[in-house]
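J.: Here is what each chain is made of, one letter per residue.
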Amino acid sequence: MPSIAFEGRPVPFEDGDTVAIALFRAGVRTFTRSIKHHRRRGLYCLTGDCANCLVTVDGVPGVRSCVIEAAEGMRVRREGGWPSVELDLVSIADRLHALMPVGFYYKAFVRPRIAWPIAERFIRRATGVGTLPTSSSPVHRIERNVHVELAVVGAGIAGLSAARAAAEAGEHVLVADERRVGELLLPGTDRDAVRALAEDVAGLPNVSLLERHTAIGVYEGPIVPLAGPDGIVRVHAGRVVVATGAVEAHPVFPGNDLPGVFLARGAARLATAFGVRPGDRVVAVVDSHEAIEQLRVLLSSGVVPVGVVTRAALPEDVREALPHLLRDGRLVRAGGRRALREVELETPGGIRRIEADALVVGLGTVPRDDLLRMGDGLPVAGAGEVIRPGCSFAEAAESGRAAGRSPSAWASVAGFAPVLGRDGYVCPCEDVSLHDLERAWAEGWRSSEILKRYTTATMGPCQGALCSRHLAAFCSRARGRDEPPVLTTARPPARPVALEDLAAGVHAIVEKRTALHERHLAAGGVVAWSGSWKRPYRYGDWIDEYRAVRERASIMDVGTLAKFLVGGRDAARLLDAVFPTRIEGLAPGRSRYLLALDEAGYVVDDGMVLALGEGRFALTSTSGGADRMEAWLRDRVDRLSMHVHLVNQTAMLGAINLAGPRAREVLQRLSDDDVGADALPHLGHAAITVAGVACRAMRVGFVGEVSFELHHARGRGPHLWDALLEAGRDLGIRPHGLDALDLLRLEKGHIYLGQDTLPDDHPWKLGLGWAVAMDKGDFVGRTALERMRALPLERALVGLRFDGTPRRGTPLAAHGRIVGRVTSCGTSPGLGRTIGLGWLRAVDGVFPDRVTAGSTAATVVARPFYDPEGARLRG
Amino acid sequence: MVELVPMHASFVTCAADPAAIDRLVEPAFAVALRVAPDEALVVADDAAEVLREASDLLAPVDPDAVVLDTTDGWAVIALEGDGAADVFARVSQVRLAPGIAQGEVGGVPAIVVAEPGRIVLVFSAMWREAVRERILADGAGLGILEPDGPRRWTPATEARP
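Chains B and S supply the protein sequences, listed in that same order. Each residue of the first sequence is one higher than the one before, starting from 1 at the first, in my numbering. Each residue of the second sequence is one higher than the one before, starting from 1001 at the first, in my numbering.
It should be emphasised that the hints constitute simulated quantities derived from the structure, not laboratory data. Where hints are given, some of them may not hold.
[Unchecked claim] Here are the computed distance ranges between Cβ atoms for each label pair:
1. S:E1104 x B:L521: 37 to 45 Å
2. B:L378 x S:A1097: 16 to 24 Å
3. B:P133 x S:A1097: 40 to 48 Å
4. S:R1095 x B:G377: 17 to 25 Å
5. B:G203 x S:P1116: 46 to 54 Å
6. S:E1104 x B:P133: 24 to 32 Å
7. B:R634 x S:R1095: 22 to 30 Å
8. B:P10 x S:G1143: 34 to 42 Å
9. B:G203 x S:Q1102: 33 to 41 Å
Quick caveat: nothing in here was measured; it's all calculated off a predicted structure. Don't be surprised by glycine CBs; every beta carbon is placed ideally from N, CA and C.
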């Protein structure tokens, strides 16, 4: 016989057993310890609704053992309890209710402040929930998308009827059930009918039936994610039919959580489907039509209750089979310590105690409607018991057909069957008793939503399946007025779901590469993330890369820059209306530095604008910001109703920056076009051919030397790169990466947006006031800039010369106060000292000129540090 | 079995007034994928020819129309074979239907062209490798093969606006 490994010992199971049944057969009665009072909890609903049977299976905590099928070698252990579930010393908590009143952790451990962090750790460990696996090896779960006209959750008679009706009308239908079809039904004609219908429906070409797939929510779309054996199936549906049925009403009476207390469906299932008696001395309290049927089933399985309490009229055959029938009895209390020992009943003749080891309670059903309520406002309808608890099989089928046929079969959620006794656990998951609710109410928490948050009732693993209606009914009753009960909001997940399932289909940033990626790798480049791009940081000796730029010639892959073409009648007007740079009058062949501001006048991006002629412009901006810039520009085009055509050329154009005192020489060797200082001056640009590649060459100067930024068709990048390296070989050319660039631009005092800036930097704070044309017309941020300019600067980005070498991020101090922070710094081989950028706050209206960065003294100096006149840049 | 096939084609981006773009779908010289009311991506064998013809078609309606050879900006891959839709369903929430659709595939914005027997994905060239790797990872177990060398893509369906 196959077996599972239960806490180190083999437990055999029979074909079709769930883990819970296998354990119950083996004599396990305590399945878990409750979260707060550490009370023993045993099998209760056997329908997957309560949290009494959560166990850890193969390292995964919180698995419903009554849902998961037993499999050979499966490792199962119980959760909670110290040192074990059976011998739990923390169960002393069950005697200390007075010390732990409802919401005690909000009121206790407040002083001293260290008390709560310590108490919290203890409380967390003491709660009887499972332990998350700490293995760092990722579990890859797949996500797949399915598109259908109708998604049906629940493959019972209602759900299958809905599926068939829709399928016959030609719709594509997906039916999902967290179990196998008919698994929860007792043997008989109903189960046979459901299975026959399922076979019929699954055979239709436009229907797919997914068993063992649990719907965990209903989202806008509507989208219904299903957690299945492999991962997540994300169902995109035109509409959804929720046919999740009803859950048996959870009776609230003292002792209602003892092992041995069963809901009637669970007890009947134990006895019939698995041939296991719920107990030897069974007392049954049955008040619904369905429960009476279950009593009949119990009887036919040989379980003869020692006492039956009912107010309903029993069928003849059932009544005759019962030795003891209490017609006017009322369930008062269940007693016992480790498990149920006796049942206390109130009868006209007084209190009666019956010795028992199983109490079967069947009082009716409440809708299992959280998915339905999540679908409020979406094309989601209910069918069957979820909208008509207790309805007959035929009624459920008819309701399913109606929901399947009509897209507008809306249904209100009806059926409250709260059964509140004298006390007892209202929310077994969170150990919230009726007494707790009364106390919280007396403290002033007086609505279901707020009572829920204070007591945590409905917030446990079962997500209110048992108790949400009790909570609502309690509030309604406590208010004492004739107000309808208000349910708390239903939210996903409706059922416990593994974290790795939630992570299915989630990936890290998708990596962007330039066409030169392979070249960087081949050259031994250290290629790593830079935003969403993979870029080379260095190829070896990065100081020599720096020297190549300053003394010889060097190339860098700048294909990551955002690049746009702006055309249309209003191109110039748009750019003038959006950017603070003056566009009008920018002659073809010339370019300007460009700042992008938001409405508050704060700098959000920078780049270059090139006048191409014929009213067209090219735009470059920072590498990380292409998508944001495109969206921003398109938004402006729409808002201003301008005739503009914008093409994002970021991906289609590669760009190589050729820089250094010998750069022009290298370029001229590869081009027949004139690239001299007159033909192509600083901030000029021209269409030239380099090594047979059509390029737009721009004279820009981020690194402070003569530079040519060569924009070209992406695919020609490798050829151009190779040609430049070959042409400059005798001049000592080599490529440089981001590390060298960081130092080169720092020497020129150029900022990195994001690194050297704060979200509320206007251009003057950054020393970029020269880039703002306040004497032109309106542009984005202008009004704010006018106001801010009138105020003295309270903070500014400054150049710093350090006596030592601080780290980036070091606070800057003056007169014993923190006045700023180092945003960039590096040791310049050319200047022989450490320089940096940092922001400073004015002290009493004056910016300090001497500061300290940690133990290092620093002097505020003018930018740029290198070639302040720009002679080398313009050369 | 599914084949992940690298494809190549020439692309011309046309940005112009919607009325001008409307004219692009008339000629038989290429297939225009309309990606926005005022933008079409023309797939062709010969970009130079399309540049010329598209400019001629657009100019009478919108003299400021932008027509650009954007071939280098695009990566094209096709999923071919019986399981193509299964692989696709693991990497995209886009609903497959004849014609073109736009949405995220493998985490990047893409144009999806569903043709008989294959699904063609057109997306930015900077993600060429990333999307390929994502498809192989998420499609693991579905038997994805990668045949050698790119094949030329000539769209089978004309995606009318």
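J.: With respect to the beta-carbon atoms only, verify the hint that B:P10 and S:G1143 lie 34 to 42 Å apart.
T.: For S:G1143 against B:P10, whose Cβ atoms are near 38 Å apart, the range 34 to 42 Å holds.
J.: May I ask you to test the hint 37 to 45 Å on the CB atoms belonging to S:E1104 and B:L521?
T.: violated, 28 Å
J.: Kindly confirm whether 46 to 54 Å is satisfied by the beta carbon distance between B:G203 and S:P1116.
T.: violated, 27 Å
J.: Using the beta carbons of B:R634 and S:R1095, state whether their distance is inside 22 to 30 Å or not.
T.: holds, 25 Å
J.: Using the beta carbons of S:R1095 and B:G377, state whether their distance is inside 17 to 25 Å or not.
T.: holds, 22 Å
J.: Is 16 to 24 Å a correct range for the gap between the Cβ atoms of B:L378 and S:A1097?
T.: holds, 22 Å
J.: Indicate whether the distance between the beta carbons of S:E1104 and B:P133 respects the range 24 to 32 Å.
T.: holds, 31 Å
J.: Using the C-beta atoms of B:P133 and S:A1097, is the stated range 40 to 48 Å upheld?
T.: Since B:P133 and S:A1097 have Cβ atoms about 41 Å apart, the given range 40 to 48 Å holds.
J.: Given a hinted range of 33 to 41 Å, is it respected by the beta-carbon distance of B:G203 and S:Q1102?
T.: holds, 36 Å
Going down the numbered hints, you'll see the structure goes against 1, 5, while the others check out.
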